[in-house]
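**Q** If you're matching them up, the sequences are chains A and B in order. When we follow my numbering, the leftmost residue of the first sequence carries the number 1109, and every step to the right adds one. When we follow my numbering, the leftmost residue of the second sequence carries the number 648, and every step to the right adds one.
Bear in mind the hints are in silico, worked out from the structure with no lab data behind them. Hints are supplied without guarantee of correctness; some may be wrong.
[Claimed, not checked] Label pairs and their calculated CB-CB ranges:
1. 651/B to 1586/A: 52 to 60 Å
2. 896/B to 1557/A: 35 to 43 Å
3. 1750/A to 651/B: 17 to 25 Å
4. 1733/A to 782/B: 16 to 24 Å
[Stated by the list, open to error] Chain A is nowhere near these chain B residues, computed Cβ spacing over 12 Å in every case:
5. 697
6. 732
7. 946
As the structure is a computational prediction, the values presented were derived from the model and not from experiment. Note that CB positions come from ideal geometry on N, CA and C, so glycine has one too.
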Amino acid sequence: MRFDEPAETNPIDQLKVIGQPLSRIDGPLKTTGRAPYAYERHDVAPNAAYGYVVGSAIAKGRIRSLNVEEVQKASGVLTVVTAENAGALGQGNFNFAKLLCGPEIQHYHQALAVVVAETFEQARSAASLLRIDYGPERGSYDLEEVKDTGRPAQITSGPGDSSVGDFAGAFAAAAMKFDETYRTPDEAHAMMEPHATTAAWDGDRLTVWTSNQMVDWGRSELARTLGMPKENVRLVSPFIGGGFGAKLFLRSDALLAALGARAVQRPVKVALQRALVINNTVHRPATIQRIRIGTTASGEITAIAHESWSGNLPGGKPEAAVQQTRYLYAGEHRLTATRLALLDLPEGNAMRAPGEAPGMMALEVAIDEMAEKLKLDPIEFRLKNDTHYVPDNPVRPVSPDPQSIADREKPEPNKRPFSQRRLAECFRVGAEQFDWQKRSATPRQVREGRWFIGIGTAAAFRNNQLTKSAARVRLDGQGVITVETDMTDIGTGSYTIIAQTAAEMMGVPVEKVVVRLGDSMFPVSAGSGGQWGGNCSTAGVYAACVKLRELLAQKFGANSADVQFTDGLVKAGNRSASLAQLAGDAGVVAEDAIEFANLRDSYQQSTFGAHFVEVGVDVATGETRIRRMLAVCASGRILNPKTARSQVIGAMTMGAGAALMEDLVVDKRFGFFVNHDLASYEVPVHADIPHQDVVFLDETDPVSSPMKAKGLAELGICGVGAAVANAIYNATGVRIRDYPITLDKLLENLPELS
Amino acid sequence: MKPFSYERAETVEQAAASAERNPNARFVAGGTNLLDLMKLQIETPSHLIDVNKLALYKIEPTPDGALRIGALVRNTDLAANERIRRDYAVLSRALLAGANGQLRNQATTAGNLLQRTRCPYFYDTNMPCNKRKPGGGCSAIGGFTRHHAIIGASDACIATHPSDMAVALRLLDATVETVRGDGTKRTIPVADFHRLPGDTPHIETVLEKGELITAVVLPRPLGGVHVYRKVRDRASFAFALISVAVVVQRDGAGRIALGGVAHKPWRVEAAEAELPRGVKSVMEPLLAGARTTQDNAFKRPLVQRTLASVLAEAKG
Ligand SMILES: Cc1cc2nc3c(=O)[nH]c(=O)nc-3n(C[C@H](O)[C@H](O)[C@H](O)COP(=O)(O)OP(=O)(O)OC[C@H]3O[C@@H](n4cnc5c(N)ncnc54)[C@H](O)[C@@H]3O)c2cc1C
Ligand code: SF4
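Next comes chain A alone, as it looks inside the complex (with noise of 0.2 Å):
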């Protein structure tokens, strides 16, 4: 099915089960421990053997030798594989660092070998024994070092830098200029469930049951890096604890489970071990961010400039930080630039929103910075400089107006239109909600006991990305309707909404509907990445119902356009007739795939939020507490408000995790990620999240897809960040702009203590 035309009322619109607030279909598998993540496939993969990954001591240089015999020796050792002898492999399109090295190594804890045993606690033993020397290379670990080495660079949307009208004119000229750096640092996915694998292979066939977000990226790569032909790899990952961006891409632990096995010749299993998931795979690269705003006296922006430094290993990406001010912010004058640096640190790649938001958590404090310079209330200001056009294209944005552009008859020529754009809705429902008014305007003002109060708020933004996505369905003669897609579901609720598609669709109740995901075998879906998965896997399923519903209308001899599909019935007129005996023994099978075409270059698709926190600041201490949070997101229609609720809380605790405590330490000396466990790299616990409220705009995006449904998931990181750091400064009047916000930068400004 092609969506060029935005969508009219179609069976989704009847709402009966989309958009209620269904729990989890897939909860009792999980809570009851019967959902089979990847490392515990003794079912499919009975008699396994362990694979134990050894990552490099260096980070860069030379293995001159590695000796394994005493690892060969050891008890219940089967074999270990090495670059030596893992035969010739090839080099995915989607990584860049070798995911087994040798004798070249690129970055720490790189995976040099796997040892396989019998048991797991055998294997670890033995690889200790691994004996290598190493011929240490000078390598370059300091962002800050090499920052002005930079090149210019692509983003994964296109290219690293833009330019729109005359901005060093114009922000010379300016009545008000704001100037300022801020420093994210790098960060990491941490989800639950590291990196696993199990993998078998039949004759040479190979299958892997594993963890990761997008099956046919992973296939592919799998079979690009065995150099085997793709239909001979089957992929299987139905259920995944957590990705944020770090399973999008094959990784070691599949490749050498593989190698392993094809060595042992039985199934072998591989997990990462906690320090390998954090130097051996991905993280979010650092940035230095400079942003310069120059507006006129009453605070319209006439120039903004964003730039953007960061580094990875050659062949790697820049971190896009840039993206949202090309769309954000109205102004005539605009200059975005990306630089990248060459640094021998661990690869840096996407992890949950990747450039909004450590983009965001600079530009939504320079928002703030220059509202306070022009004394303008921060929402006031940015609602000055609202635009329903983007911006970087190269003709005066218009003034603001809160009626959607997709309501209005035409858009005007030569400027690209939002589809939707509530930006301005989102900060006054929010405001209204947070008692944004009794905000004090001037900083720390308010103290309860031991604690000044602040609030602050930021806007949300995320593009909304399409892509194709396939799905087939099949009823069978008891009425059920099989719905099988490779689509994952990496806690994100992909199980649920696609039962409620094909639900909605076909006239049944959820019940009635059985969901696969996750497996090769199944048609092409758009998979979990980007905020895309929610909206272009079900409106895959969608298109596959469509053809369903026609199929069916046909055996029952009607035209489909006249059918009604309600109750598990077909109905026409005065007839009707069961789906269970419509579909009769044979069953009835249709496939078919979502193809988004030109609708997404006439419009802008993207979502939008607002996100309002109150902090306390311990006067003594300055350790920061957040007191509650609320978000208010536009981001289409909402499938699910409780797996969407899930995902926007889920985002805003990654969001506060980054402001207040994520950091991985960069070793300068010995280029790795020093705090490479749980226990040192902190991420938010219960205790740090009191309060959370989620608002969603009651909004449908007839642009976006068939389910006029939106990316969410990323949307609710996107700028959670600055509120955080706008409350510290309303609490404190202390304004620092190098992530993460740790009482030891705000100590020293806090007021001396009697």
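We have chain A already, so just place chain B with the ligands on it with the hints.
**A** Relative to chain A, chain B with the ligands alone:
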């Protein structure tokens, strides 16, 4: 983890004697620290003596008004004990500030005292560490030292002792009762129990090889107001950046102990004498000779500010 043999001791004497016989043995109590370290091959005992069957679970008053806590009393039980909460509130508060509920259910009094540092370089066996491998060098020095010691450290090691409980025990002047391999018993003041790193950071306490802790004894209650303040980046389940324990009497006299600043719980009796003259006067002797790094220089003002806040709280 290296292969090891395992035995479950039935009596204190048996446990001590077995430790004497097996030079590379370790006792295991809750296992919450030791097992993690064994998995990472930071500790590599060849024999484990499980002490969980020993009858060391009681909290009982002694005839002279002190309170004896069995070595195996779990942190949760100790924190919840009525006498502890009434007479030694600072201990209960310190315990509850540590780890999380699940860990405290498992962690024992003796094990807590003997938990090892959380220096991240100690935890990474690729990195030189004098505590792990004497003589290899200290990779923390010159590296990431935000959590490290600011006082009593040496050129060989700048690690801190991570226990919250031990800080309260030091404040209360507890003593540690032990049995040695030959069956002899002794009592060690907590003040002397942990050592500063010096040239031998791998020797962390005065315990001899195979010496078993049987109890911790708290002297008669001190009265006064008890406060334990733990300062950390997240609200729970994090080790202290610093912690401050105080007992303050109505006349302003009191005691102060610090966590997170040294290789042992830090207490300077001479500093306490300065209490009537205010926090600034206390700070001089309390942290005399402190040496900080760029990463942990904040700890000195943080101690001062936290102490001021805690004393204000104690005064009510
Ligand atoms: C994630 C995490 C977070 C934590 N956070 C905190 C925190 O915030 N604050 C805090 O204070 N602690 C914290 N801890 C540490 C925790 O308190 C200790 O792990 C625990 O107290 C150790 O007790 P155990 O009984 O489990 O000791 P074990 O691990 O069994 O033993 C520890 C050591 O003591 C020795 N030992 C045990 N019993 C005896 C005995 N009777 N005689 C002689 N030697 C003995 C063992 O041989 C071993 O060397 C944390 C631990 C973890 C894992
Ligand atoms: S500070 Fe101590 S524990 Fe840490 S690396 Fe140095 S010697 Fe080892």
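**Q** Each of the hints needs a verdict: does it hold here or not?
**A** Tested hints:
no.	hint	verdict
1	651/B to 1586/A: 52 to 60 Å	holds, 56 Å
2	896/B to 1557/A: 35 to 43 Å	violated, 24 Å
3	1750/A to 651/B: 17 to 25 Å	violated, 48 Å
4	1733/A to 782/B: 16 to 24 Å	violated, 44 Å
5	697	holds, 18 Å
6	732	holds, 21 Å
7	946	violated, 8 Å
In this structure, the hints that do not hold are numbers 2, 3, 4 and 7, in rising order.
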